[in-house]
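> This is what each chain is made of:
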Amino acid sequence: MKPRRILIKEEYCIGCRLCEVYCITQHSPSKDIIRTYKGSEVRPVSGIYFEEKGSVSFAIQCRHCDEAPCIENCLTGAMYRDEKTGRVLHNRDKCVGCWMCVMSCPLGVIKIDYEKKKVVSKCDLCIDREFPACVEHCPNEAILLVDEKGERVEKKSG
Amino acid sequence: MAENMVTEYLIIGNSVAGVNCIAGIREMDRDGSIVVISDEDVYNYSRPLISYYLGGRLGIDALSFKNEDFYKDNRVELILGTKAERLDIDRKEVVTSKGVIKFNKLLIATGGRPVIPAIDGYAEDIEGIFTFTNLSDAKRLDGYIKRKNIKKGVILGGGLIGLKCAEGLIERGIQVSIVEMSDRLLSMTLDKDASLFIEEMLKNKKQCDVLTKETVNRIMCDGKLLSGVTLSSGKNIHTELLIIAAGVRPDITLVKDTFIKYNRGILVDEHMRTSVPFIYAAGDVAEGKDMITGNNSVIAIWPVAAKQGKVAGMNMAGSDIIYDGLFPMNAVDIVGVPVISFGITNPSETDGYEIVKERRENIYKKIVLKDNRIVGCIFLGRIERSGIFQGLIKYKIDVSRFKDELLSDDFGLLVLPAEYRKHMVRGEGIEV
Numbered sequence: 001m002k003p004r005r006i007l008i009k010e011e012y013c014i015g016c017r018l019c020e021v022y023c024i025t026q027h028s029p030s031k032d033i034i035r036t037y038k039g040s041e042v043r044p045v046s047g048i049y050f051e052e053k054g055s056v057s058f059a060i061q062c063r064h065c066d067e068a069p070c071i072e073n074c075l076t077g078a079m080y081r082d083e084k085t086g087r088v089l090h091n092r093d094k095c096v097g098c099w100m101c102v103m104s105c106p107l108g109v110i111k112i113d114y115e116k117k118k119v120v121s122k123c124d125l126c127i128d129r130e131f132p133a134c135v136e137h138c139p140n141e142a143i144l145l146v147d148e149k150g151e152r153v154e155k156k157s158g
Numbered sequence: 159m160a161e162n163m164v165t166e167y168l169i170i171g172n173s174v175a176g177v178n179c180i181a182g183i184r185e186m187d188r189d190g191s192i193v194v195i196s197d198e199d200v201y202n203y204s205r206p207l208i209s210y211y212l213g214g215r216l217g218i219d220a221l222s223f224k225n226e227d228f229y230k231d232n233r234v235e236l237i238l239g240t241k242a243e244r245l246d247i248d249r250k251e252v253v254t255s256k257g258v259i260k261f262n263k264l265l266i267a268t269g270g271r272p273v274i275p276a277i278d279g280y281a282e283d284i285e286g287i288f289t290f291t292n293l294s295d296a297k298r299l300d301g302y303i304k305r306k307n308i309k310k311g312v313i314l315g316g317g318l319i320g321l322k323c324a325e326g327l328i329e330r331g332i333q334v335s336i337v338e339m340s341d342r343l344l345s346m347t348l349d350k351d352a353s354l355f356i357e358e359m360l361k362n363k364k365q366c367d368v369l370t371k372e373t374v375n376r377i378m379c380d381g382k383l384l385s386g387v388t389l390s391s392g393k394n395i396h397t398e399l400l401i402i403a404a405g406v407r408p409d410i411t412l413v414k415d416t417f418i419k420y421n422r423g424i425l426v427d428e429h430m431r432t433s434v435p436f437i438y439a440a441g442d443v444a445e446g447k448d449m450i451t452g453n454n455s456v457i458a459i460w461p462v463a464a465k466q467g468k469v470a471g472m473n474m475a476g477s478d479i480i481y482d483g484l485f486p487m488n489a490v491d492i493v494g495v496p497v498i499s500f501g502i503t504n505p506s507e508t509d510g511y512e513i514v515k516e517r518r519e520n521i522y523k524k525i526v527l528k529d530n531r532i533v534g535c536i537f538l539g540r541i542e543r544s545g546i547f548q549g550l551i552k553y554k555i556d557v558s559r560f561k562d563e564l565l566s567d568d569f570g571l572l573v574l575p576a577e578y579r580k581h582m583v584r585g586e587g588i589e590v
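Note that the protein sequences, when read in sequence, are chains A and B. Our numbering applies: residue 1 is where the first sequence begins, and numbers increase by one. Our numbering applies: residue 159 is where the second sequence begins, and numbers increase by one.
If we strip away everything but chain B, and leave its shape as in the complex, we get (with noise of 0.2 angstroms):
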């Protein structure tokens, strides 16, 4: 790049959000100059496929969700391996590690970055731990993997992440013990039946342990090499792999020193917009709408990226559209088990939740609702139209009339309101 370059709009990051912010821009603008910074050394490629990578189901060709074609076809100019250092709002400029950008409007997509708790012995430089959101996360521990012949491994928590990192080990023949704060896996999004369900399958591979109540309090070491951990409750796991999977946190550090008003993540309006007017923020870093509760919250998940992503490009370019906030989603699939869940999943009954639920050899059913309404629910094992869910949540439709059609395995679209079939689908073609 240029040591110093102006561009219309700028986007930092490159993964969902700063994608759909390219569409957006290019449906109301085709002609503004667009330039995205990610620090990242691949032109695309999708996050959530690393641990798909690290199993080996899938090559470095095969993680893109967008191809090369996407940004010339967007006449977009990607500079890649370039960290955003800081921003100065006055000037309306980003300092680069390879030079200064001047822009008209900013999105600032720079995602999550991983969580390191205190941990006695911790330091960066010791070689065998690793954290696992981005590629280059991956590529390393892959590496690494290979040069040591490693054969056993920890990983530090038990939620989606460390999960699927779980699946990707064992699928490469590594024995996996897993060490979860919280009493159960997954706490964040399913609830204890299906938590224990997700735990019983994994133990059932017999290569992988569970050990919940748990959490690592120390690291031990040869020289710089890990050789283990001592587990709160005591007990040593001799390892020379500890991956940690402790969460993630946005990363606002390009604003800390700024006056763009940041609580967990950057504070954003309907429009997406931050404090600063030309300045915008979406996807994992964004402190935006949750439509169930009305609250702003950081909802780190693609669809919300995505959403947020293209909402925010449109309205760089002009535009006038809303965002009108998602819920927490999310699909996965565990060492085979399948697993959507929507907004609100494990709520106490006494806060006026009533709950329907169904529970079969290997299949799970939660429907959470308040008001007759549905705010939450899960789906385990058998996850096939579970996406009218989504819907009936969106538009808070009353299903009173239907509640105990809710979990039969025929439900579909006839049972719903007429009225609201109508509005579901027409403008698509369809009368009913």
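Chain A with its partners taken away, still in its complex shape (with noise of 0.2 angstroms):
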């Protein structure tokens, strides 16, 4: 099936960076944002890549390509299609550090760890909650999350 994506909307962003504080919160091991940036967990690092230039700024994130050529390209299966939600997912434990998908990404948005040579950072659309974080904390609806028809989803509320 298709996934559920994340529109941008760049005449939005205020280039508030909430969208980036969350996913790192939403990733870290407590979800707690005071843990997560005033503890002592390693914070993770963002799906997100935040851009800015001038009084222009937007978020992007992985598409989630129907045509993902970082899946086709990945030499050991590490990034695959979860056939339940139509995401594109990693699993670190496969990655070897080939840079495959990295090269392969047009819009760049795979993020990597130098040091263990390794992918680490790639939007999973937020696998355990149902509504994205970045989304939900977005004070300005710069980004929204659309179903598979393109269609706005929001987020339930309670």
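A few of these clues could be false.
[As the list claims (entries may be wrong)] Restricting the straight-line Cα-Cα distance to at most 35 angstroms, the calculated cross-link-like pairs of lysine-lysine (DSBU-like) are: (1) A/Lys116 - B/Lys515; (2) B/Lys580 - B/Lys528; (3) B/Lys350 - A/Lys94; (4) B/Lys241 - A/Lys94; (5) B/Lys350 - A/Lys155; (6) B/Lys309 - A/Lys116; (7) B/Lys363 - A/Lys94; (8) B/Lys306 - A/Lys111; (9) A/Lys53 - B/Lys552; (10) B/Lys371 - B/Lys297; (11) B/Lys256 - A/Lys118; (12) A/Lys116 - B/Lys393; (13) B/Lys361 - A/Lys94; (14) B/Lys350 - B/Lys297; (15) B/Lys310 - A/Lys31; (16) A/Lys31 - A/Lys53; (17) A/Lys111 - A/Lys155; (18) A/Lys94 - B/Lys371; (19) B/Lys350 - A/Lys53; (20) A/Lys111 - B/Lys528; (21) B/Lys361 - A/Lys111; (22) A/Lys94 - B/Lys414; (23) A/Lys84 - B/Lys230; (24) B/Lys309 - A/Lys117; (25) B/Lys310 - B/Lys364; (26) A/Lys116 - B/Lys363; (27) B/Lys224 - A/Lys116; (28) A/Lys9 - B/Lys580; (29) B/Lys580 - A/Lys53; (30) A/Lys53 - B/Lys561.
Hints are computed from structural coordinates only; laboratory data are not their basis.
Assembling the complex is the task here: the two chains are given apart, and the hints tell you how they should meet.
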């Protein structure tokens, strides 16, 4: 199936970078913002590339492409499609750091851990929760969640 | 397998092109029978990972890029350890080492085989000489190293295969001498600056010697056991291990006695069809379109094999998909240095190319332009976001308005023309 996707409205981005803050928090061990930032936890890397130039800014993350060259070119099968949700996911244990995905991604949204020689982070559309943390916390609706038909999905209240 | 088989689709070769062909066929045709034959005895593995196996970083089980379910789910009959010996085009059949297979559509994805240069004293049965392109090479090499407790070795060839092999050997504590005929390593992939950088890193390992402008002229033996090599400079190296990594050539033996057209590889059109309409070829054996030069050439890399295999499969099953051509691209990590390159990396500046580059500490970036379009790049040390350049090359984007930002550390999508951004990401759910 086709995955839900994050729609980017760059004209609404105010450059607050809260998307990054909440992405990092959500992927931390405690999922608690204070512990993530002030505690002794190893802080994860966000799955977002935040770009800023003059007054224009936007946040981009993996588009979970239908034809995903990162999966096609992965040497180990570490990059794979989750059949149930259609998401493009990354299995760190299988990754050997061959960098084929980095080479193949035309949007350049795959991040690297140069020390551990592995892909370190890419957007998983928040695997542990219904609604992506970045979208939920964007104060100006610069990133929205849309379903497979392109229609907006809003967070269920409560 | 049965003595005489009949199948709708026959695929010779079970690596990247073959596997992607299966996926391509099944996108179009859920039912047609598919038979895959392979002369290897492993159900599926990733060739570039054999150096990780050699170095002890990955076990045999970790080498596959598709699990066994892939063949089951796609209802593929996979016949291993079987060599395609002869192709009979009129009868639409392939004679294999285990029987005859009749087909309706055929994909030849036999890949490449290593080139063995003429060397005095070379014989196939000398113990201690290896090539390094498939898993059985790696297994035999591994066994030999253990059995003979090898502590040093010579690698003939400083290309990608030679260097990845060297890395694997170094990880096992083996002293390596790399012998390279040209004046630098990776001369087919990188430019001089990048090559020298890699050479320096290798030499820093203290376990690796790089001998350029040299080749192996003579092989010395003790009975049938390798005892050393003589280089073109006259230098002798005592060694019980020689790895020949002097390049790979398309394995076109199957079509040599047929009227299928070939040059260096089997010539294919943009549907991946050979000169015989019901026979296709893909991957390292095929000579297809290079998007940058517009000419046909053999580009023996994974992404080309994947794309060609997929296109071939879909067309074999009745589609009308066009392979619009890729261009050379390589991603590799050598002794801890990540490198990504695209297209033309080392042109002579007199041919109207413009070059922008930057070298600082352990980072090297180079962009090659022609008429304000990017035709090649090298990223060494820092490679994140380099994939964006692949798109800029592919779509021949005019970069004149942001040329001075190409090397910037925060280069990203934002500097690209909004129209192009839209083009890149529309349909995948982005508005810009």
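> Need the list of violated hint numbers for this structure, in ascending order.
Numbers 5, 8, 11, 12, 15, 18 and 22 - these are the hints that the structure violates, sorted from lowest upward.
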